[in-house]
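**Q** Generate the whole structure from the sequences, applying the supplied hints.
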Amino acid sequence: MPELPEVQTIVNDLQILTGDTITGFWTDFEKAIKTKDFEKEVVGRKIKSIQRLSKNIIIELSSKNAIIIHLKMTGKLLLNFQFPISNFQINPNSKIFKQNAAEFHKQYPYFHHIFFLKKHGALVFSDIRKFATLELISLEKLSQIEKTKGVDPFSKNFTLQTFSRIISEHKNKTRHSRVTGKNIKSLLMNQAAIAGIG
1 MPELPEVQTI VNDLQILTGD TITGFWTDFE KAIKTKDFEK EVVGRKIKSI QRLSKNIIIE
61 LSSKNAIIIH LKMTGKLLLN FQFPISNFQI NPNSKIFKQN AAEFHKQYPY FHHIFFLKKH
121 GALVFSDIRK FATLELISLE KLSQIEKTKG VDPFSKNFTL QTFSRIISEH KNKTRHSRVT
181 GKNIKSLLMN QAAIAGIG
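The sequence shown begins at 1 in my numbering and counts up by one.
Worth flagging that the hints you see were computed from the coordinates, not collected in a lab. Where a beta carbon is used, it is the ideal one built from N, C-alpha and C, also for glycine. One thing to keep in mind: the hints can contain errors.
Taking lysine to aspartate or glutamate pairs in the EDC-like style, the calculated list, with each CA pair at most 20 Å apart, reads [said to hold, decoys possible]: (1) LYS46 - GLU140; (2) LYS72 - GLU30; (3) LYS48 - GLU140; (4) LYS119 - ASP20.
Label-pair ranges, simulated between beta-carbon atoms [claimed, not checked]: (5) ASP28 - LYS173: 44 to 54 Å; (6) MET1 - PHE158: 18 to 28 Å; (7) SER63 - ILE167: 35 to 45 Å; (8) LYS185 - GLU103: 45 to 55 Å; (9) ASN183 - LYS106: 41 to 51 Å; (10) TYR110 - SER138: 22 to 32 Å; (11) ILE16 - GLU146: 19 to 29 Å; (12) LYS72 - GLN15: 18 to 28 Å; (13) TYR110 - LYS171: 41 to 51 Å; (14) SER63 - SER186: 30 to 40 Å; (15) LYS31 - GLN107: 16 to 26 Å.
**A** See below:
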């Protein structure tokens with residue numbers, strides 16, 4: 001599973017896609033997609049921004065929705081991927097795509113989701129273990145989720161004083177508890193205290 005710095009690096013690399021348009025979407029693993037009519041809702045939408053929330057990659061769209069990608073254990077994103085088959089990346093509903101789908105899957109067995117882009121070829125979502133997820137939610141719901149998260153370790157708000165306060169609050173909450181496992185590890189893993197670790 002990629003750790004927080006690696007997810008941030010991926011988000012940094014994906015910034016080039018800001019302003020591009022999703023022209024098509026293909027998947028061979030619907031189970032990973034947590035939203036009904038995902039393809040219908042994302043195709044034709046412009047990418048407004050790409051950010052990170054904890055270990056989630058957030059792709060904000062022009063429709064006031066956002067794609068949430070969690071890479072889980074083995075998820076990878078391949079940027080500006082060019083398929084060896086001519087014009088293969090233009091339209092996932094085209095005859096050339098469908099005719100070569102079997103050959104494509106044989107050659108790239110771990111490519112499970114593809115975003116076809118107007119300017120940058122394709123953004124390929126590869127996942128060997130098939131634990132990674134895709135979801136489309138409203139920006140309003142995203143804002144609500146953000147409020148449940150603790151301070152981000154990469155933010156300017158994460159100072160030594162902030163960390164000391166979080167530890168003190170955690171210590172006070174568990175002082176009278178019989179559970180001895182409430183140690184520093186459990187604090188670091190608590191997303192409501194510090195977002196994105198663990």
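**Q** Evaluate each hint against the coordinates.
**A** Quick rundown of the hints versus the structure:
{"no.": "1", "hint": "LYS46 - GLU140", "result": "holds, 18 Å"}
{"no.": "2", "hint": "LYS72 - GLU30", "result": "holds, 16 Å"}
{"no.": "3", "hint": "LYS48 - GLU140", "result": "holds, 16 Å"}
{"no.": "4", "hint": "LYS119 - ASP20", "result": "holds, 6 Å"}
{"no.": "5", "hint": "ASP28 - LYS173: 44 to 54 Å", "result": "holds, 46 Å"}
{"no.": "6", "hint": "MET1 - PHE158: 18 to 28 Å", "result": "holds, 21 Å"}
{"no.": "7", "hint": "SER63 - ILE167: 35 to 45 Å", "result": "holds, 41 Å"}
{"no.": "8", "hint": "LYS185 - GLU103: 45 to 55 Å", "result": "holds, 47 Å"}
{"no.": "9", "hint": "ASN183 - LYS106: 41 to 51 Å", "result": "holds, 49 Å"}
{"no.": "10", "hint": "TYR110 - SER138: 22 to 32 Å", "result": "holds, 31 Å"}
{"no.": "11", "hint": "ILE16 - GLU146: 19 to 29 Å", "result": "holds, 25 Å"}
{"no.": "12", "hint": "LYS72 - GLN15: 18 to 28 Å", "result": "holds, 23 Å"}
{"no.": "13", "hint": "TYR110 - LYS171: 41 to 51 Å", "result": "holds, 44 Å"}
{"no.": "14", "hint": "SER63 - SER186: 30 to 40 Å", "result": "holds, 39 Å"}
{"no.": "15", "hint": "LYS31 - GLN107: 16 to 26 Å", "result": "holds, 22 Å"}
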